[in-house]
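**Q** Protein chains in written order, with my numbering: chain C, 1 to 387; chain E, 1 to 387.
Be aware that one or more of the hints could be misleading.
Since the list can't tell identical chains apart, any single copy or any two copies may satisfy a pair.
Calculated pairs, DMTMM-like style, for lysine to aspartate or glutamate (alpha carbon to alpha carbon, straight line, at most 20 Å) [unchecked claim]: (1) K166 x D31; (2) K166 x E221; (3) K194 x E370; (4) K65 x D29; (5) K61 x D240; (6) K166 x E88; (7) K61 x E338; (8) K166 x D337; (9) K65 x E221; (10) K108 x E338; (11) K158 x D211; (12) K108 x E363; (13) K158 x E217; (14) K158 x E88; (15) K158 x E12; (16) K158 x E374; (17) K65 x E217; (18) K61 x D328; (19) K61 x E363; (20) K158 x D76; (21) K194 x D328; (22) K108 x D346; (23) K158 x D184; (24) K158 x D27; (25) K194 x E35; (26) K194 x E95.
Quick caveat, the hints were computed from the structure, so don't treat them as lab data.
2 protein chains.
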Amino acid sequence: MKSESAITCQFEVPFRFRVFFTAGVFDCDNDLLREVLREDGSRRERLLAVMDESLLAANPKLGDKITAYLSQSNIDLVCQPLVLPGGEALKNQTEPVNELYRQIEGHKLSRHSYILAVGGGALLDVVGFAAATAHRGVRHIRLPTTTLSQADGGVGVKNAINAFGKKNFIGTFAPPFAVINDSDFLESLPASEKAAGYIEAVKVGLIRDADFFSEIENMVEALNRFEPAALQRVIRRCADLHVQHIAQNGDPFERGSARPLDFGHWAAHKLEQLSSFRLRHGEAVAIGIALDVIYSREAGYLAGPDAARILALLRRLGFALFAPEMLDIDRLLVGLDEFREHLGGDLTITLLRGIGRGFEVHEVSRALVERAIEELRQGQPALTTAK
Amino acid sequence: MKSESAITCQFEVPFRFRVFFTAGVFDCDNDLLREVLREDGSRRERLLAVMDESLLAANPKLGDKITAYLSQSNIDLVCQPLVLPGGEALKNQTEPVNELYRQIEGHKLSRHSYILAVGGGALLDVVGFAAATAHRGVRHIRLPTTTLSQADGGVGVKNAINAFGKKNFIGTFAPPFAVINDSDFLESLPASEKAAGYIEAVKVGLIRDADFFSEIENMVEALNRFEPAALQRVIRRCADLHVQHIAQNGDPFERGSARPLDFGHWAAHKLEQLSSFRLRHGEAVAIGIALDVIYSREAGYLAGPDAARILALLRRLGFALFAPEMLDIDRLLVGLDEFREHLGGDLTITLLRGIGRGFEVHEVSRALVERAIEELRQGQPALTTAK
Numbered sequence: 001m002k003s004e005s006a007i008t009c010q011f012e013v014p015f016r017f018r019v020f021f022t023a024g025v026f027d028c029d030n031d032l033l034r035e036v037l038r039e040d041g042s043r044r045e046r047l048l049a050v051m052d053e054s055l056l057a058a059n060p061k062l063g064d065k066i067t068a069y070l071s072q073s074n075i076d077l078v079c080q081p082l083v084l085p086g087g088e089a090l091k092n093q094t095e096p097v098n099e100l101y102r103q104i105e106g107h108k109l110s111r112h113s114y115i116l117a118v119g120g121g122a123l124l125d126v127v128g129f130a131a132a133t134a135h136r137g138v139r140h141i142r143l144p145t146t147t148l149s150q151a152d153g154g155v156g157v158k159n160a161i162n163a164f165g166k167k168n169f170i171g172t173f174a175p176p177f178a179v180i181n182d183s184d185f186l187e188s189l190p191a192s193e194k195a196a197g198y199i200e201a202v203k204v205g206l207i208r209d210a211d212f213f214s215e216i217e218n219m220v221e222a223l224n225r226f227e228p229a230a231l232q233r234v235i236r237r238c239a240d241l242h243v244q245h246i247a248q249n250g251d252p253f254e255r256g257s258a259r260p261l262d263f264g265h266w267a268a269h270k271l272e273q274l275s276s277f278r279l280r281h282g283e284a285v286a287i288g289i290a291l292d293v294i295y296s297r298e299a300g301y302l303a304g305p306d307a308a309r310i311l312a313l314l315r316r317l318g319f320a321l322f323a324p325e326m327l328d329i330d331r332l333l334v335g336l337d338e339f340r341e342h343l344g345g346d347l348t349i350t351l352l353r354g355i356g357r358g359f360e361v362h363e364v365s366r367a368l369v370e371r372a373i374e375e376l377r378q379g380q381p382a383l384t385t386a387k
Numbered sequence: 001m002k003s004e005s006a007i008t009c010q011f012e013v014p015f016r017f018r019v020f021f022t023a024g025v026f027d028c029d030n031d032l033l034r035e036v037l038r039e040d041g042s043r044r045e046r047l048l049a050v051m052d053e054s055l056l057a058a059n060p061k062l063g064d065k066i067t068a069y070l071s072q073s074n075i076d077l078v079c080q081p082l083v084l085p086g087g088e089a090l091k092n093q094t095e096p097v098n099e100l101y102r103q104i105e106g107h108k109l110s111r112h113s114y115i116l117a118v119g120g121g122a123l124l125d126v127v128g129f130a131a132a133t134a135h136r137g138v139r140h141i142r143l144p145t146t147t148l149s150q151a152d153g154g155v156g157v158k159n160a161i162n163a164f165g166k167k168n169f170i171g172t173f174a175p176p177f178a179v180i181n182d183s184d185f186l187e188s189l190p191a192s193e194k195a196a197g198y199i200e201a202v203k204v205g206l207i208r209d210a211d212f213f214s215e216i217e218n219m220v221e222a223l224n225r226f227e228p229a230a231l232q233r234v235i236r237r238c239a240d241l242h243v244q245h246i247a248q249n250g251d252p253f254e255r256g257s258a259r260p261l262d263f264g265h266w267a268a269h270k271l272e273q274l275s276s277f278r279l280r281h282g283e284a285v286a287i288g289i290a291l292d293v294i295y296s297r298e299a300g301y302l303a304g305p306d307a308a309r310i311l312a313l314l315r316r317l318g319f320a321l322f323a324p325e326m327l328d329i330d331r332l333l334v335g336l337d338e339f340r341e342h343l344g345g346d347l348t349i350t351l352l353r354g355i356g357r358g359f360e361v362h363e364v365s366r367a368l369v370e371r372a373i374e375e376l377r378q379g380q381p382a383l384t385t386a387k
């Protein structure tokens, strides 16, 4: 290799953002957002606000409230908050991203301007992708409004839209400018959406933190009643563990083949797609986790009582652990290929050796997947395999 | 600010790539590319090759040559090299990016697969953007084939396409996996394209390295004859200075408001657009530099003899220093706003205090711009202002 004449370009890019917890973020006497916006000095910057349609339905004055709040800041709100429909369907199109580009261009936003996204995970993803690629990156502030996005995706460093029926096919790694978790937004959620976030809490407990898993077990009744303190505790701990993982695992932009936070997700992503997104992300992840828990047990890694304890918690939290799409095993297993294709390198799947003890394997046995699906179909541990 | 409860997410992402210099990169006995592809271990990975139509016209066997070369590697070339028309027009559409997404998806490329782009700056930009956003980043190897892209854009960390008539409106910062500068590609270039790269050499000499500027002066005849040694020297030194800037200036992803390597570019980008891209990038940059050199002199920063020396070099290198689009000063000055919008923060323009001594200003006087344009229109230093 004629490398004696090569030039090496080597550098590190520092990233830093904070995740704040508050209530009533747009109340005029709540200074948090104004101070986040002032962090970078006193220059007046522009801001485009984008919010989820369903939020506006639950709170018709939200747009006016945002406008009134920002009128008391050193920020130029460039237009009335833009309204986009939330939900996964938003990610299946390119038009919302193009509409955001048009707004960013038309209102002369710069790299130092702000885009404030108020909504669930899908809306945050779409806005995040547009913000990350317009001018090669406009500052993006996320206000996740669902349990799931406050606990998980909203505090991460990724964004994406779907393409070719593949989830998150197009996207970037682009840390937000800041994340603000406002507990008030959770109150207007339907029960199923409130509960959807619990699955990421269970997941992160399973792979990383047995004490947190136990804590969730002890809080089940409170969580099922959506008691604010329990909800907040779960979100806070999830966000903590998520941020720890990003900052400390040494691979925030996922150049390797492992993605431990995606425990249970290979099947989940595929089930979302096979069900034409009838299964929501949280619902699909619950099934995917159940599948990989039984798989871990059947493969001899996880003790029977631990597996039973995990499945019991999932059921007590109200998650259905079976979907008919699982019976199409050939198509489900394509999810493994797609999972590998997305990350590259060797297939790397997280399984469990115990509660709080995730580890990685590089192959998956079809026979054991079939057995796990059959057990979930029957809705109870199979007598022949329970240990 | 209720920041006592905030979580801080802070981390650094390391980047590293090499810029290689070679000749005959696809000759079967040249191991360089094969070794670059083997760098990451022995796993067979997939590779999609994309090349510039005009290269194929100059070298009809190039596709077969790439195929033959890679057949002797541990790489699966997923299909015949894809051919795209080069030139700025490619960046004005979204279809080429979508076509690349289709190929990446259809051929099951992963984050660890490779996309090899062989072409000029526009093609590298389009392929780089698709590669950076599919799966949130497929490995991208650049083989710049023009003097301009080998010296400048090809060795950088940016990619982009145009939108809304604005150059590079949509893009990302995404360092390549590797860059290979093959001097053989330059031989088939038309003379105007060979010379186009010289302007970035003059630019970087002007803002950073007076010795390099003098060296270019001494090589003018050799450069005008396109002598390989002179061409190589200029490309090598430019690539060196460009990489030094990225790795050492502390802001590789341009979060601040300054972009010193864009000396002369505020007018250049606008002139490209105002001329509907009749003016090519190198031609427009030559005019933009001439404008900012005269401006620097008129504003009292740059001595008359230095300005004269610079303009003389530009003319000796064959650059035309005037375009009729400059006379539409209102629209030209919109380029300043667009330049600021793209970067954000305060307007920051690089001017010269001397040869090799760039510095920054934050405002631009319309009267002095007008005077500079008038001088360029007359094609010679105005008697009243020459010092």
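**Q** Taking the earlier hints as the rules, which of them does this structure contradict?
**A** Numbers 1, 2, 3, 5, 7, 9, 11, 13, 16, 17, 18, 19, 20, 21, 23, 24, 25 and 26 - these are the hints that the structure violates, sorted from lowest upward.
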